[in-house]
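K.L.:
Sequence:
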Amino acid sequence: MGELLALLSALCFGITHFVNGLVSRRHNGLTVALHAQLGGTVLGLLLALVLDSGTASLADYGWGALSGVGTGVGVAFLYRAMSQGAMSVVVPVSDVGAVALPVLVGVCFLGERPALPAWVGIAAVLPALWLVSQNSADLGDKQRQAISAGVPSALVASVGFGVQFLAMAQVGTDSGLWPVVLSRVVSVLVIAAVLASYGARWRLTGKPWAATVAAGALGTLAIVLYLEATRQQLMAIATVLSALYPAIPVLLALVLLKERLNRRQAVGLVCAALAIGLIALH
1 MGELLALLSA LCFGITHFVN GLVSRRHNGL TVALHAQLGG TVLGLLLALV LDSGTASLAD
61 YGWGALSGVG TGVGVAFLYR AMSQGAMSVV VPVSDVGAVA LPVLVGVCFL GERPALPAWV
121 GIAAVLPALW LVSQNSADLG DKQRQAISAG VPSALVASVG FGVQFLAMAQ VGTDSGLWPV
181 VLSRVVSVLV IAAVLASYGA RWRLTGKPWA ATVAAGALGT LAIVLYLEAT RQQLMAIATV
241 LSALYPAIPV LLALVLLKER LNRRQAVGLV CAALAIGLIA LH
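In the UniProt record's numbering, the protein residues as written are 1 to 282.
These are computed hints drawn from the structure, not numbers from a lab.
One or more of the hints may lead you astray.
[As the list claims (entries may be wrong)] Each pair of labels, with its calculated beta carbon distance range:
no.: 1; residue 1: W119; residue 2: R203; range: 46 to 54 Å
no.: 2; residue 1: L116; residue 2: R201; range: 45 to 53 Å
no.: 3; residue 1: L104; residue 2: R26; range: 33 to 41 Å
no.: 4; residue 1: R113; residue 2: K258; range: 43 to 51 Å
no.: 5; residue 1: V120; residue 2: R264; range: 40 to 48 Å
On a predicted model such as this, the values are computed, not experimentally measured, just so you know.
Every residue, glycine too, gets a C-beta built ideally from N, C-alpha and C.
Working from the sequences, and respecting the hints, build out all of it.
P.N.:
Spelled out as structure tokens, the structure:
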């Protein structure tokens, strides 16, 4: 069950980033990130009021707040990266730290020991993400520079997402959803600070606002699913499966934007599917 929850989390994360990536093409990515997290905060609050039955400790709130810092940094710089470069490149790049940091901490400091098939699956994830991000070799130098323009911001986002996954996995099993609510609130404050430092516009209206808020709510659902997955599964396994979300924007771009899949991307998606199967065999 933990594997399924983590995969559903990846699906929600992928849809969230695809929708907000589209909006970020026409509007400032930091502004999009702010409104997305506001939408996510509202859903988190509603879920906590309706479903919450746990009791969180001070440590749980601390981990939730730290996760919110990671979320704020990750989302702000990912959407900034998507407004600068190609979605199919910056989203997988933003995922490297999200995969590596929690797995390394889980194995080195928390004593987690995935089985051999799961190790092979984990090892297949990074090549899969790299292959999924590859564009056609016949692009000119200027096109390649434009595509990779958002990579520095995506690397910053990568560290943020790693902190998000790692910290949220430390929240206690009986803590309920209020640490998630706190993480959303903290993420809004972090994004607002980044937004102010860049002097970007604060307002977003109309259909782009509605799409962004809805996608942000879906992002909160993703983190709730991930939290539940870590309670039923090793953090290293749950994180790797949840972090497969870059495959979703690529697939949605194929179906909805009529983009073409090159051979490397096809191999990358096959590697991702094999990784899921191997991890599920743990």
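K.L.:
Taking the hints in turn, state whether each one holds.
P.N.:
To see whether the hints hold, each was checked on the structure:
no.	hint	verdict
1	W119 <-> R203: 46 to 54 Å	48 Å, holds
2	L116 <-> R201: 45 to 53 Å	51 Å, holds
3	L104 <-> R26: 33 to 41 Å	38 Å, holds
4	R113 <-> K258: 43 to 51 Å	44 Å, holds
5	V120 <-> R264: 40 to 48 Å	21 Å, violated
Taken one by one, the earlier hints fail for this structure only at number 5.
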